[in-house]
Amino acid sequence: MTLSASLEKIFGPINFSDKDRDRLVYSHDASDHSGYPSFIVWPTSVEEIHKLILLCKRSNATLVPRGAGTSLTGASVPNESIVVDMSKMRKVLEIKDDYIVVEAGVPLADLNRELKYKYFPIQPESKASCTVGGMIATNAVGLKPMEYGRMEDWVESLTVIDGNGMPLEIKGDAVKHFCGAEGNTGIVLKAKLKLLKKEENRSSKLLQFNTITAMYDQIKKLRYDPDILNIEFMDEFCSSLLGFEDKLYVIAEFRGDKGEYKGKDSEDLWLKRETLLKLVRGEKYFQMEDVQVEEGDKFLHWLRKNRIPSYGAIGLNMFNVLFKEDRLVSEMKNVLKLLKGTLGIKFGYGVLKKEYLDKDFAKRMHALKTHYDPKNMMNRGKLI
Amino acid sequence: MKCKLCGLCKEKCPVFLAVLNESVSPRGKGILQNEEVLDKIYLLCTLCEGCGCKLYGEKEMLELREKLIKNGIETRRNRQMLSNIQKHGHPFLEQ
Chain A
1124 MTLSASLEKI FGPINFSDKD RDRLVYSHDA SDHSGYPSFI VWPTSVEEIH
1174 KLILLCKRSN ATLVPRGAGT SLTGASVPNE SIVVDMSKMR KVLEIKDDYI
1224 VVEAGVPLAD LNRELKYKYF PIQPESKASC TVGGMIATNA VGLKPMEYGR
1274 MEDWVESLTV IDGNGMPLEI KGDAVKHFCG AEGNTGIVLK AKLKLLKKEE
1324 NRSSKLLQFN TITAMYDQIK KLRYDPDILN IEFMDEFCSS LLGFEDKLYV
1374 IAEFRGDKGE YKGKDSEDLW LKRETLLKLV RGEKYFQMED VQVEEGDKFL
1424 HWLRKNRIPS YGAIGLNMFN VLFKEDRLVS EMKNVLKLLK GTLGIKFGYG
1474 VLKKEYLDKD FAKRMHALKT HYDPKNMMNR GKLI
Chain V
98 MKCKLCGLCK EKCPVFLAVL NESVSPRGKG ILQNEEVLDK IYLLCTLCEG
148 CGCKLYGEKE MLELREKLIK NGIETRRNRQ MLSNIQKHGH PFLEQ
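Note that the protein sequences, when read in sequence, are chains A and V. As numbered in the working numbering, residues 1124 to 1507 make up the first sequence, in order. As numbered in the working numbering, residues 98 to 192 make up the second sequence, in order.
Chain V with its partners taken away, still in its complex shape:
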């Protein structure tokens, strides 16, 4: 399924409302996805499904993130959290 670019999702997206850069909005991610661009920006989604967009349900977004990791696209913090879980059993080292 491809984003149809209507833009009706923007103002319902808490990430867009915090950043106000269209690239983080569901449509922004849709445009990148239509062009098969893999980018860390897909991590900027709260999985709230407030956009009501079938492209970015929790399942679709998790699949997309898995694809990012497989292509070696990860943030430093994600790697840190993973290492913390593996070594200490907690992402933030809390007891």
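Bound-form chain A, shown alone:
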């Protein structure tokens, strides 16, 4: 039996496709990298995925797990592999006081809707579409990384299926073998995520600056404030998209009522900031890069000199940088080398940012890959 016939037998005619139209659509994610899948399958159960992995092992086929396909690094783009679209495994299985259990294909927007008095703190800018499985695979960073860290800090346990076809229950430190592995170590099936109680007692300040130097003087002070939670920055271009004046802005969030925006007003200010990604994508900026650089002020001066817009979690010197032309992307990479900055820290590495992967992390990932996926079937060519 051919691979295509075997896949159709496992998934049925509705949840299997080899149509050119579907193959074209699944050859993209949100990046400008593309590659065709051989087939697309939409699993609806663990058993189907188990059978798929055994079939891939027997026939030397490779597979690419896919969440919402909102990656900006080509992480979910196939290269003649079988795309495993997890969209049909989207059940919320259990909600308790301090945790929620969901299938990997649950969109973050659905998870948020389920929570009334609780809160899941990792809220990336792609939250309108991104799925929990994709967030785990890329170890997603939300809008407030200074306060909440990354996805791995909020995953209590995982059910995964590895390249040996074994369903595994993963707890404790081992969740880090899957958070940020970009699908290299296995397919996430289910996740138990920690929740927070909605905290009302917080406030924000909106600060306006004319110069980067004045802004950084203030940021240095804010970082030492015992009540500071998050510090977010928008340059003149991004500020004007949100309807603010054409100036540099910083939103500083505090525990307690130090800021002039309190309670609901503070929430609304951050919600307004969340709309920025969509506004930016509506402009002519085809490429967005994620940068972390310790000497953030020097980097922002260079961006400003070259009229390159940016925004981001300035409290951690983490920036989203927007480009219209490739020439400036290459120049920025040279500037980052000089300033010892890095790319990929927020959106992951996928195909496009592999060269920026930390050497120790790459070594660790190689060891994990050998352990969990010795036949190198899963998301081959990504990350490592």
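Hints may contain errors.
[To be verified] DMTMM-like, lysine to aspartate or glutamate: derived pairs with alpha carbons at most 20 Å apart: (1) 99(V) to 1155(A); (2) 99(V) to 1279(A); (3) 1267(A) to 1141(A); (4) 1219(A) to 1131(A); (5) 1320(A) to 1279(A); (6) 1370(A) to 1350(A); (7) 137(V) to 1141(A); (8) 1401(A) to 146(V); (9) 109(V) to 155(V); (10) 99(V) to 1418(A); (11) 151(V) to 1483(A); (12) 1407(A) to 1448(A); (13) 109(V) to 1449(A); (14) 1142(A) to 155(V); (15) 137(V) to 1143(A); (16) 99(V) to 1233(A); (17) 1180(A) to 1131(A).
If you are wondering where the hints come from, they were derived from the structure by calculation, not from laboratory data. These numbers were taken from a predicted model, which means no experiment stands behind them.
We have chain A; now place chain V onto it with these hints.
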């Protein structure tokens, strides 16, 4: 205007939520349109504009569908409805 592929439209599209195949999502249609593919899939849109995508306002989608018909791409049911209207004055033959 071209689809920028962000994918933020998907979960707002009632057709995608019913089918859960990315090809029917606004981004799926955008990818096909970027490559100038004419396909019956453009008929799978409720014209609700829930995606908030400027590519798929009612006007743009109707223009796209007109292009489909001009290129002979039609469904059997559409043809049936058209014939019913011409012969009997009602798409579903109701009195």
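Which hint numbers does the structure go against, in order from smallest to largest? Those not satisfied are hints 2, 3, 4, 6, 10, 11, 13, 14 and 16.
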